[in-house]
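**Q** Keeping the supplied structure of chain S fixed, place chain A with the ligands upon it in accordance with the hints.
If you read the sequences in order, they're chains S and A. Count the first sequence with UniProt numbering and you get residues 1 to 318, in order. Count the second sequence with UniProt numbering and you get residues 1 to 254, in order.
By construction, these hints were calculated from the structure, which means they are not laboratory data. Treat the hints with care, since some could be wrong.
To be verified - Derived DSS-like pairs (lysine-lysine); straight-line CA-CA distance at most 27 angstroms:
1. A/K141 / A/K119
2. A/K71 / S/K314
3. S/K228 / A/K118
4. A/K197 / S/K203
5. S/K202 / A/K145
6. S/K136 / S/K63
7. A/K188 / S/K203
8. A/K129 / A/K145
9. A/K118 / S/K203
10. A/K118 / S/K215
11. A/K71 / A/K25
12. S/K310 / A/K145
13. S/K203 / S/K84
14. S/K215 / A/K71
15. S/K215 / A/K120
16. A/K197 / A/K6
17. A/K129 / S/K203
18. A/K118 / A/K145
19. A/K71 / A/K198
20. A/K188 / A/K145
21. S/K136 / S/K228
22. A/K141 / A/K129
Claimed, not checked - With beta-carbon atoms standing in for the labels, derived distance ranges:
23. A/S69 / S/T307: 53 to 59 angstroms
24. S/M247 / A/V64: 47 to 53 angstroms
25. A/V61 / S/S214: 17 to 23 angstroms
26. A/G63 / S/K203: 30 to 36 angstroms
27. A/F17 / S/K133: 24 to 30 angstroms
28. A/D59 / S/K314: 32 to 38 angstroms
29. S/F42 / A/S152: 41 to 47 angstroms
All residues carry an ideal CB built from backbone N, CA and C; glycine is no exception.
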Amino acid sequence: MDNNMGHNEVKPDSVNETDISIQYMKRNVKRDITEKIVETIFLLCALVGVLSVTAIIFFVFYKGIRPFTGEDAYSIKDFLTGTKWAPSENIYGIFYMITASVLSTAGAILVGVPIGVLTAVFISEIAPEGLVKIVKPAIEILAGIPSVLYGAFGLGVVVPLIMKITPEVQGQSLLAVIIVLSIMILPTIVSLSESSIRAVPKKYREASLGLGASKIQTIFQVVLPAAKSGILSATVLGIGRAIGETMAVMMIAGNPTAGMPESIWSMVRPLTTNIAMEMSYASGRQSEMLFATGVVLFIFIMLVNITLIKLTSKAGEK
Amino acid sequence: MEVNKKPKFEVNNLNLFYGDFQALKNINMNISSNEITAFIGPSGCGKSTFLKTINRMNDLVPGVRIDGSIKLDGLDIYSDIDVIKLRQRVGMVFQQPNPFPMSIYDNVAYGPRIHGIKKKSVLDEIVEKSLRQAAIWDEVKDRLKRNAIGVSGGQQQRICIARALAVQPEVILMDEPTSALDPISTQKIEDLAVELKKDYTIIMVTHNMQQASRISDKTAFFLSGEVIEFGETGQIFSNPRDKKTENYITGRFG
Ligand SMILES: Nc1ncnc2c1ncn2[C@@H]1O[C@H](COP(=O)(O)OP(=O)(O)OP(=O)(O)O)[C@@H](O)[C@H]1O
Ligand SMILES: [Mg+2]
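Bound-form chain S, shown alone:
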């Protein structure tokens, strides 16, 4: 190997021009073919993604719209505003689930974003290098933990703790969901906020410190505002993650079959868990109603994604 490379380096000097051009022409043909093949492989790979998305959307919408069409159509209004889910009585209301999804996501954002942003500030601006070497990997590992383990943690630790203080009889609750989701979105918030904070030019910090601002003042008055768009994107991604999370949530939410959540101690049944709980054995209308739930979930996710695209393209313009 080493010998070969040595040869190549020396050769061009000793070989005359026509030799070189012939050599290059030969190579070009071969390379062009390889390039074409590789390009096609790339294209096929890209198509896998696009086709999957299309197939999933088509499948979910096709199945999910069925119960609201035809002779014995179910009222969309009853579906979207109902607060009871009883397949055996042909009652399918998901309003209390939409509420549960929105509340648990909002709660997770309210708790997780400030903690995540402050962690990012700590890592990028304040912490001595030694501490960064502990905190950062810890956060990164958090991102890799399978969600079923978050659920186990929630069930084994968070729910029993809530049991001690809740006025209700059970610990499974909106609060438990919010706590676990907050932890789950942390890695997203931290890593994205951190990179946007690091991207803030040093000259802004210098200008601020040069005016007699303290480090903390500089962080809050200059650095964070300048990193705003990255932090917003992180938040939106966090929303996406929280609203779509299923397994961990299912284990700690309580998943009641009816009833609006009345407080943070109430059991909840977010959209995702509704689908996951019943899909394996459901058939006929019940199954289609689960797909309809999926359609609603999908619309939420789309809204989140559109917001994200809007935000990032705006940031790009600047």
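**A** Structure of chain A with the ligands alone, referenced to chain S:
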């Protein structure tokens, strides 16, 4: 002459090291108030380093080590004055205009706000006064709410000067404030510096010999971390005592 006038800064036996590298070597210098002092010298000779030492911006550089003393009005800037207070008294204008990505108004109001002024009417007054002092009020008075990033480089630099003035410093350090600007903006900033020295002490790094000789009262020539010659600008430029100074200002090296 002004023998009884107390110097604003007294620098004694100042040495500065970046790790093992000595960037400033045994600097001794008295800087008078209400004057413009120019620092000249070839690239890498330590002008910026010295300037940043004066308001302790070098504290931010890891591994920096300083010995000797700098006194501001007789007080040691490292032991007798709080660093925040020091930077309030000794403002800085950087080589590249660096307004914050916020409105012109908020840029100028930034310093006063940091130092606890909240009242809108007081802030309004400070902003207008500072922008006027920086000779840019007329150009921006109708667009104070616009982002400061969106104005020209020369205007940005004057906004930065206004921002520095708004905290009512006693000294203004300028590191090549016109090197990124066109001749007209440069002219404006030079006029401004001359105007400002009535109320402030100004220390300015410049690569432009004409600039130094036009506007400064004293000039210090730096070479490889040492001050080769320091004195009245007229004397330095017409009758330098050191051969190296003469070579530099006549353009024979550097
Ligand atoms: N943060 C730093 N760490 C290590 N060395 C530095 C640092 N900043 C400057 N130096 C070195 O110190 C010396 C003086 O640098 P300084 O920036 O003060 O020069 P200068 O006179 O301002 O040059 P210029 O005219 O190019 O701005 C240079 O050799 C430079 O490489
Ligand atoms: Mg410099």
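**Q** Hints first: check each against the structure and report whether it holds.
**A** Here is what the structure says about each hint:
For a cut-off of 27 angstroms, the pair hint linking A/K141 to A/K119 stands: about 20 angstroms separates their Cα positions. For the hint pairing A/K71 with S/K314, the CA-to-CA distance comes to about 49 angstroms; that exceeds 27 angstroms, so the pair is violated. Distance hint between S/K228 and A/K118 is fulfilled; the C-alpha atoms sit about 24 angstroms from each other, no more than 27 angstroms. Taking the CA atoms of A/K197 and S/K203, the gap is about 26 angstroms. The hint holds against a cut of 27 angstroms.
Among the hinted pairs, S/K202 with A/K145 is consistent with the structure: their alpha-carbon atoms are about 24 angstroms apart, no more than 27 angstroms. Note on S/K136 and S/K63: the hinted pairing is violated, with a Cα-Cα distance of about 44 angstroms set against a maximum of 27 angstroms. Taking the CA atoms of A/K188 and S/K203, the gap is near 23 angstroms; set against the 27 angstroms cutoff, the hint holds. Among the hinted pairs, A/K129 with A/K145 is consistent with the structure: their alpha-carbon atoms are about 17 angstroms apart, no more than 27 angstroms.
Using a Cα cut-off of 27 angstroms, the hinted pair A/K118 and S/K203 holds, with the two alpha carbons roughly 25 angstroms apart. The suggested pairing of A/K118 with S/K215 holds, with an alpha-carbon distance near 20 angstroms, which does not exceed 27 angstroms. For the hint linking A/K71 to A/K25, the alpha-carbon distance of about 17 angstroms falls within 27 angstroms, and the restraint holds. A distance of roughly 24 angstroms separates the Cα atoms of S/K310 and A/K145; the hinted pair therefore holds under the 27 angstroms criterion.
This hinted pair does not check out: S/K203 and S/K84 have alpha carbons roughly 58 angstroms apart, beyond 27 angstroms. The hinted pair formed by S/K215 and A/K71 meets the criterion: a straight-line CA distance of about 24 angstroms does not exceed 27 angstroms. About 25 angstroms separates the Cα atoms of S/K215 and A/K120, which keeps this hinted pair within 27 angstroms; it holds. Between A/K197 and A/K6 the CA atoms are separated by roughly 16 angstroms; this keeps the pair inside 27 angstroms, and the hint holds.
A C-alpha spacing of about 25 angstroms is found between A/K129 and S/K203, which places the hinted pair at or below 27 angstroms, so the restraint holds. Taking the CA atoms of A/K118 and A/K145, the gap is near 18 angstroms; set against the 27 angstroms cutoff, the hint holds. A hinted pair counts as satisfied when its Cα atoms are at most 27 angstroms apart, and A/K71 with A/K198 qualifies at roughly 22 angstroms. For the given pair, A/K188 sits about 23 angstroms from A/K145 by alpha-carbon distance, which is consistent with the 27 angstroms threshold.
A C-alpha spacing of about 21 angstroms is found between S/K136 and S/K228, which places the hinted pair at or below 27 angstroms, so the restraint holds. Annotation: proposed proximity of A/K141 to A/K129 holds, straight-line Cα distance about 11 angstroms (limit 27 angstroms). Between A/S69 and S/T307 the beta carbons are some 57 angstroms apart, a value that agrees with the proposed interval 53 to 59 angstroms. The beta-carbon spacing between S/M247 and A/V64, approximately 52 angstroms, falls within the hinted interval of 47 to 53 angstroms.
Take A/V61 and S/S214: their Cβ atoms lie about 18 angstroms apart, and the range 17 to 23 angstroms holds. Remark: the range hint 30 to 36 angstroms for A/G63 to S/K203 is contradicted by a beta-carbon distance near 21 angstroms. The given range of 24 to 30 angstroms is respected by A/F17 and S/K133, whose C-beta atoms sit roughly 27 angstroms from each other. At roughly 37 angstroms, the beta carbons of A/D59 and S/K314 sit within the given window of 32 to 38 angstroms.
For the hinted restraint 41 to 47 angstroms between S/F42 and A/S152, the CB-CB distance of approximately 45 angstroms keeps it satisfied.
Hints 2, 6, 13 and 26, counting from the list given before, are not met by this structure.
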